[in-house]
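Listed below are the residues making up each chain.
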Amino acid sequence: MSSIGTGYDLSASQFSPDGRVFQVEYAQKAIENSGTAIGLRGKNGVVFAMEKLVTSKLYEPGANRRLFGIDRHIGMAVGGLLADARQIVETSRKESSNYRAEYGGDVPLRYLTDRVAGYIHAYTLYSAVRPFGCAVILGSQEPTGPSMYMIDPSGVYYGYKGCAIGKAKQAAKTEMEKLEFSNMNIRELVKEAAKM
Amino acid sequence: MSSNLSFDSFSTAIAGSHAGPKKLTQTPVTTGTSVLAVKFNGGVAFGADTLGSYGSLARFRNCERLLKINESTMIGCMGDYADFQHLKDIIEQMAIDDLCKDDNITLSPRSLHSWLTRVLYNKRSKMDPLWTTVVVGGIEKGEGFLGFVDKLGTAYKDPIIATGYGSMIATPLMRNAWRPDLTQAEAVKMVEDSMRVMFYRDARAFHKYHLGIVTADGCQIQGPLEVQPDWSIASLISGYE
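Chains as they are written, first to last, in the working numbering: chain A, 1 to 196; chain B, 1 to 241.
Next up, chain A with everything else stripped away, as it sits in the complex:
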């Protein structure tokens, strides 16, 4: 489990003696307690699946939606603090729309991911703010093929064929490793996602 970072865990602008930024690690903890979200990238698209945690029968159907559209060709799945995630969604939408206004076309996902990751990272540098308590998985279908990236609260991102965040991420990842992504189309992936 996490060691007690006495004194070095009060703000994101401090390192601990062993070189960790505890606030960022605590942010990652927030995601581990949320419902699972998985992303699978096949040969003709990306499939997202979210675990729907129904905490109350009083909710309207469709409450607590964790999948967002960023642009015509980009979708985002989130895990962790939903309120933090909404800010990231808005920022991503603005970035995408600015790119379209300047360059007249769909923003390439790796460019958008880089910009959004830079934004998330900025919140890990100052004591005046706290890091985002959420991880996001971005997926898109572009002329060059489907793309999928995951950004965690530290601002680090990688491209993935399959990724998972949340409670059951370990179990989901184990299942994913058995799949041969490059050969599967999205219909097959939707079935696999449902099984997971």
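Hints in this document: simulated from the structure, not taken from any laboratory.
The calculated lysine-lysine pairs, modelled on DSSO-like cross-linking and capped at a C-alpha distance of 30 angstroms, are:
1. A:Lys-167 - A:Lys-52
2. B:Lys-101 - A:Lys-29
3. A:Lys-43 - A:Lys-169
4. A:Lys-94 - A:Lys-29
5. B:Lys-101 - A:Lys-169
6. A:Lys-161 - A:Lys-43
7. A:Lys-167 - B:Lys-101
8. B:Lys-157 - B:Lys-68
9. A:Lys-94 - B:Lys-88
10. A:Lys-178 - A:Lys-29
11. A:Lys-195 - B:Lys-101
12. A:Lys-173 - A:Lys-29
13. A:Lys-195 - A:Lys-29
14. B:Lys-101 - A:Lys-161
15. A:Lys-43 - A:Lys-191
16. B:Lys-123 - A:Lys-94
17. B:Lys-208 - B:Lys-157
18. B:Lys-101 - A:Lys-52
19. A:Lys-29 - A:Lys-161
20. A:Lys-57 - B:Lys-101
21. A:Lys-191 - A:Lys-167
22. B:Lys-157 - B:Lys-123
23. B:Lys-208 - B:Lys-68
24. B:Lys-68 - A:Lys-94
25. B:Lys-101 - B:Lys-88
26. A:Lys-195 - A:Lys-52
27. A:Lys-191 - B:Lys-101
28. B:Lys-141 - B:Lys-88
29. A:Lys-173 - A:Lys-43
30. A:Lys-167 - A:Lys-43
31. A:Lys-94 - B:Lys-126
32. B:Lys-88 - B:Lys-123
33. A:Lys-57 - A:Lys-191
34. A:Lys-161 - A:Lys-191
35. B:Lys-68 - B:Lys-141
36. B:Lys-101 - A:Lys-94
37. A:Lys-52 - A:Lys-29
38. A:Lys-43 - B:Lys-101
For chain A, the structure is supplied; the task is to place chain B on it using the hints.
Showing chain B alone in chain A's frame:
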């Protein structure tokens, strides 16, 4: 620029500080001619030719002047083509934002008509107009909707709308043939016939055009279609070789 100095300083005062290039009352550069639209029982049909005129030069012969916004809304634009492209970028982004929110609330023809009226009126009130006349149409609450907004911000709704020369040449023809229970096929024929007359009579018209149709099943733009003109009476005209 205008030689009347007092007029210049009047509009400068209204336009406010000069951040960016001075944009006072313009002259349109590349222009589109009339847009025709008719409401039928179950939707609306639009026609707009594909010519971008550069004054009297028929310069750009493949300009699409109809724009699909979503499955229930479409616009057609006449006037300065650059101003249309500017509006197109803004409205397309509004449509993308709608798509992303995915909350079953999308831009409707009535809302877009209202928004355009406000934008165009406010710009004209600052003496910095978008030199365009827009026809907005589509399906609003299950019925066809057709609205007009011009560069002054004048706006109205009618089952038959034509802009520019179309309002003088095509509107009387369309009004004679219109009935409230017009079918889609009749409406399309009405647009085709009117586009032919416009080509005969409007000196800035072109023989190729786009046809836009919005019904409860969705919105589609067909084209470029060609006007089939009939010049057979030409031989009756004395002096025509």
